[in-house]
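**Q** One letter stands for each residue in the lines below.
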Amino acid sequence: MLSPPPLPRPYRRRLYRDMTGFLLALILGIEAIYLSDKVLTDLLFAMLDHGLGGSFLLRGIVLASPEILLLGLPLALVVTVFMVLLQRREAGDLLALAQAGLSPGTLARLGLMLGGLGFVVSLGIGGVLAPLANHELGRLRHEARFDVLESGQPGNRSVVRIEGATLVFHRRSEDEAAARLFLHVPDAAGETRIITARDSALHFESPGADGALFLSGAHISGFRSDTAARLERTLDANAAELVYRAPGLAIPAFAARGSRISALTLPELMTFPHPDDPAARKAVLRMVLSAVLALVAPPLALLAMGLTRGGLSLLAGPLAIGAILAGGFLVAPLAGALAGMSLRSGLFLAMAAGTVAALVLGAMIVGRGDSLFTPARFRL
Amino acid sequence: MSAPLARALKLALTGIETRYVTALYLHRVGLVGFVIATTVLAIDIAGNLDRVLAAAGPEAPAAGPARIALYLLLRLAYNAPAILPLATAVGIVWAEVSLARSHERTILANTGRSPLVSLVPALLVGLLVGAAQFAALDLLRPLSVEAQGQMGFRAYGPRLSGPDRQPRWVTLDRAILHARIGFADGEALLQDVTLYTLDSQLRLESIQRAAQARLADGGLDFENPQRWPDTGEAISPPVDPIWLRNIGIDPRFVTQSDLRHLARGGAGIQDFARYRAALQDRRAAPLRTAAMALLMATLCLVVLRPRGTAGSVLMLMGAGYGFHFVVQTLSILAESGVLAPGLGVWAVPAGVIAGCIAFNLWREARVARVLARHRKANASVGTV
Numbered sequence: 001m002l003s004p005p006p007l008p009r010p011y012r013r014r015l016y017r018d019m020t021g022f023l024l025a026l027i028l029g030i031e032a033i034y035l036s037d038k039v040l041t042d043l044l045f046a047m048l049d050h051g052l053g054g055s056f057l058l059r060g061i062v063l064a065s066p067e068i069l070l071l072g073l074p075l076a077l078v079v080t081v082f083m084v085l086l087q088r089r090e091a092g093d094l095l096a097l098a099q100a101g102l103s104p105g106t107l108a109r110l111g112l113m114l115g116g117l118g119f120v121v122s123l124g125i126g127g128v129l130a131p132l133a134n135h136e137l138g139r140l141r142h143e144a145r146f147d148v149l150e151s152g153q154p155g156n157r158s159v160v161r162i163e164g165a166t167l168v169f170h171r172r173s174e175d176e177a178a179a180r181l182f183l184h185v186p187d188a189a190g191e192t193r194i195i196t197a198r199d200s201a202l203h204f205e206s207p208g209a210d211g212a213l214f215l216s217g218a219h220i221s222g223f224r225s226d227t228a229a230r231l232e233r234t235l236d237a238n239a240a241e242l243v244y245r246a247p248g249l250a251i252p253a254f255a256a257r258g259s260r261i262s263a264l265t266l267p268e269l270m271t272f273p274h275p276d277d278p279a280a281r282k283a284v285l286r287m288v289l290s291a292v293l294a295l296v297a298p299p300l301a302l303l304a305m306g307l308t309r310g311g312l313s314l315l316a317g318p319l320a321i322g323a324i325l326a327g328g329f330l331v332a333p334l335a336g337a338l339a340g341m342s343l344r345s346g347l348f349l350a351m352a353a354g355t356v357a358a359l360v361l362g363a364m365i366v367g368r369g370d371s372l373f374t375p376a377r378f379r380l
Numbered sequence: 381m382s383a384p385l386a387r388a389l390k391l392a393l394t395g396i397e398t399r400y401v402t403a404l405y406l407h408r409v410g411l412v413g414f415v416i417a418t419t420v421l422a423i424d425i426a427g428n429l430d431r432v433l434a435a436a437g438p439e440a441p442a443a444g445p446a447r448i449a450l451y452l453l454l455r456l457a458y459n460a461p462a463i464l465p466l467a468t469a470v471g472i473v474w475a476e477v478s479l480a481r482s483h484e485r486t487i488l489a490n491t492g493r494s495p496l497v498s499l500v501p502a503l504l505v506g507l508l509v510g511a512a513q514f515a516a517l518d519l520l521r522p523l524s525v526e527a528q529g530q531m532g533f534r535a536y537g538p539r540l541s542g543p544d545r546q547p548r549w550v551t552l553d554r555a556i557l558h559a560r561i562g563f564a565d566g567e568a569l570l571q572d573v574t575l576y577t578l579d580s581q582l583r584l585e586s587i588q589r590a591a592q593a594r595l596a597d598g599g600l601d602f603e604n605p606q607r608w609p610d611t612g613e614a615i616s617p618p619v620d621p622i623w624l625r626n627i628g629i630d631p632r633f634v635t636q637s638d639l640r641h642l643a644r645g646g647a648g649i650q651d652f653a654r655y656r657a658a659l660q661d662r663r664a665a666p667l668r669t670a671a672m673a674l675l676m677a678t679l680c681l682v683v684l685r686p687r688g689t690a691g692s693v694l695m696l697m698g699a700g701y702g703f704h705f706v707v708q709t710l711s712i713l714a715e716s717g718v719l720a721p722g723l724g725v726w727a728v729p730a731g732v733i734a735g736c737i738a739f740n741l742w743r744e745a746r747v748a749r750v751l752a753r754h755r756k757a758n759a760s761v762g763t764v
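Respectively, the protein sequence lines represent chains A and B.
Just so you know, we're using our numbering here: the first sequence kicks off at 1 and counts up by one.
Just so you know, we're using our numbering here: the second sequence kicks off at 381 and counts up by one.
Bound-form chain B, shown alone:
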């Protein structure tokens, strides 16, 4: 790397403006995050206080302030991944409004500073908050869901929230299972269980029925089963134990290690495309937040003026919300298998980042052309 380029890069990453604006962004993002989290938790507890106090999960502490505090902590961990990108967008706009109103942005622009360099704080904050969001998606939310289920605050599948009251139908590889699924000491226990296996043309091949069945050797072990045809041989399609322990739990809430296993697919794992999309969705979190931060910072640099109106701020908020809506919609479509994860999860954030960089390069080139024209005109005036 050439010395001027290295110096420019060092300045862009650690220069005074970068440090000052990054600190301002982080301060505002933190404040906005606090306000949003407080509002969300206040609305949550107001609507669910009766349910929280009446929760009868085995792990729930005694009803009282401690239980409410624990519930709020768990809900904070659950909601953090949704709050962080929103706080980033609003925090950056708030900081940029202050910079515009105090004429700091005008002064910076008049120093000839590249708009691309002015985007570095947004990129840094986006990646930092994105990393926090990834940690929240990866670790905090699954832990929160487990705890909420075990304490009876919310229902999240038979492992966390108690056995099925009604039998459920589950499609397996060339088989259909009808059973009440529950867990005893962490071990899956299927009750009133009937397994219908199907041949290669998906016609009924056999039936096996029992009062109880457990997981064994990658399949199901039926206790004293009734069978048709009664060949005396046990029938069991492959059932992945990690898939079964997460049955009824939304892929977004599955722990990271389980999700990685399920996203690989394989024998006994159903709907692996949903797990694959959910895993990709988590991995794309830092990129998504960075894209949101860059988009808001770029729009602020273009739209905000020292005597800006509330209308321009509303427009910026609308753009941020529009981005959030598009990203969420595509992510849901990817999880449902309508779109490939690459398109549904990665394409829009990557496109927005590339678009922001290209737009600012174009602006910089345009300013350079204007300056060059002025220099030329001044030089010719000088010659005359």
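This is chain A alone, in the form it adopts within the complex:
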């Protein structure tokens, strides 16, 4: 069987360069919109709530960036292929190349090749980068919640609870810079210890051990409710400097990566015992179905480009983008449905459906014939 002639090498190089530039600009735009929304609705509030600085915000932005790419990459691919090749067609490039032997099969092959590349990149991002970044973002947020214990400088959120103890940071007035500490520690015997302090800082002598709360200007009181329902003071002491140790005075450990499905990479999820867990199967299938979306995006864009004529001239592109968006929303429910069967069967079905869809789109591109090359006087 004769294979379609390839695009001339110099033209192909320029085409790939234009596509790469367009794709990067689009991904940058998608990231900008997603991350700015993430900053305004989540990260900025977390920074202000916990009294943190710009480095928290920057690290949060970097770690949040891979998660949108699961949908962003197929979306950027479909827009890039559609726009760049439509521009080439309208400029008459493709018509000229058709005279030199360019066939619809060449374009179909280009679409499938770009789809294959998209599949691999999407799998790399969704299967490795996104879970690792997701885990690190979780850890960053977890540490942020308890940062006030070590710094003693709260943000908008002034109450921290650890192991039954409650720490309330408060000021005499809104103008006062330093926050005072109010520590409430109930014990199993029904006694309550209340400690107030001018300054506080939590220190750890060894990782994983209980911490020591270094207090300045501390006042300690102990109370017990007696049988007559009266409050009786059992302890009253002042200390200029105090090191307070209590069991459980430790920042709770962030869940290990291995214990959270959303933090596991694709190779980890594929190894025993995870395939027996429906949640792990769903996570694997989500990664693969997102990659399948990237596989079908370029041939779909090429088909849409071939359809930009007559009644569909303004609709073909938006319809292709809408189809990818709809596919993105369907990934999670589809993965849930496929997770009911064994991992091998689910993967086979997802991959087979993606491959068949890409090949059918390739055949439909070939079927568009001259409409892929002839300009439609479409204003871009």
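To be clear, the hints were calculated from the coordinates, so they are not data collected in a lab.
No residue lacks a Cβ here, since even glycine has one placed at the ideal position from N, Cα and C.
One should not assume that every hint holds.
Said to hold, decoys possible - Covered, in the sense of this in silico footprint (three residues per stretch, anywhere, with C-beta under 8 Å from a C-beta of chain B), are these stretches of chain A: (1) 38 to 48; (2) 157 to 169; (3) 212 to 224.
As the list claims (entries may be wrong) - Now the stretches of chain B that chain A is said to cover, found in silico as 3 or more residues with beta-carbon under 8 Å: (4) 575 to 589; (5) 604 to 610.
The hints should help you fit chain B onto chain A, whose structure is shown.
**A** What follows is chain B alone, placed relative to chain A:
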């Protein structure tokens, strides 16, 4: 005011171009607003249908189409303040693309019309939509939040969404309160309540504990309290009833009358700086939308050409979104007390409006200089 200036002002405000372009802007802003609102509501109901149908608030109508319709109406009122500026930006760009493509902008520019006069429709539409946004922030959103809370669609603090399940810690003036807060017949009822008062050095001064406490005489009235030290005297720091009834509700969602009261500060009102910033944020809404409209119109006049590309429209949208992002970020910083409200809420919109006017004055002066040079050159050619 001199007669030519009055005539120029009248023309700028009521002339044919102003009326035509204003009507076009409003038409496009309305259409875009409708599309955005429909999209937002469709996504909202798709993600929350189960929650809406399962809502068990005391005021919720029977589960069915009527409840869904009411939910969508409430969410529309809630989202309107966010949709309106976005619709203004997109609507103006859309209208300007049409004007540029049909060469109307070229014709208008060639008549020698001042670019400043061409900005009047954007200013009028910005102020009009801004006023609508102010009304939505001031009236519609707080009403929507109240109704959503009472119907159980969303959780908005103990007054609207039922009493606390777990006790909460609240810092008061030199006191710390630990209680489950709820409301019965509109009256605050604190349960399992403990009050720790602190001396001037913020050391523990007294404790008062009771099964229940209610608001009374600007403070809290404990039922059969346990006290330490047991002096027999009631202890209560000042508690503002309006502050307490809005506890747990974001300042942005508080009704305007309550917000005005809380923004004044005073005894028993905590975090009044947040309320003050939220009030300023509402008041700045018309200015913010006018700034967005002027910015987009100015950029359109500079960037768009009759055979413009999608790239220039994307650039304009990026500029509008960038403005929105900066304004929102500064507003959040102001509400958190990091920035003064004047800087966080007013400075950027006022700066953008001043910048747009200055830029167009500069453009007008530059065109006038070029025309004067041409006239001079033509006159000298004529003499020869």
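**Q** A separate judgement is required for each hint: does it hold in the structure or not?
**A** A quick look at each hint next to the structure:
Only residues whose C-beta sits within less than 8 Å of a C-beta in chain B count toward coverage, and the region 38 to 48 of chain A has 5 of them, enough to reach three; the restraint holds. Against chain B, the region 157 to 169 of chain A contributes 4 residues with a C-beta closer than 8 Å to a partner C-beta. That satisfies the three-residue criterion, and the hint holds. Coverage of the region 212 to 224 of chain A by chain B holds. Counting CB-CB distances below 8 Å, 4 residues qualify, and the rule asks for three or more. With a cut-off of 8 Å between beta carbons, the region 575 to 589 of chain B has 9 residues touching chain A; three or more are needed, and the interface restraint holds.
Counting residues of the region 604 to 610 of chain B whose CB lies closer than 8 Å to any CB of chain A gives 4, so the stated coverage by that chain holds, three being the minimum.
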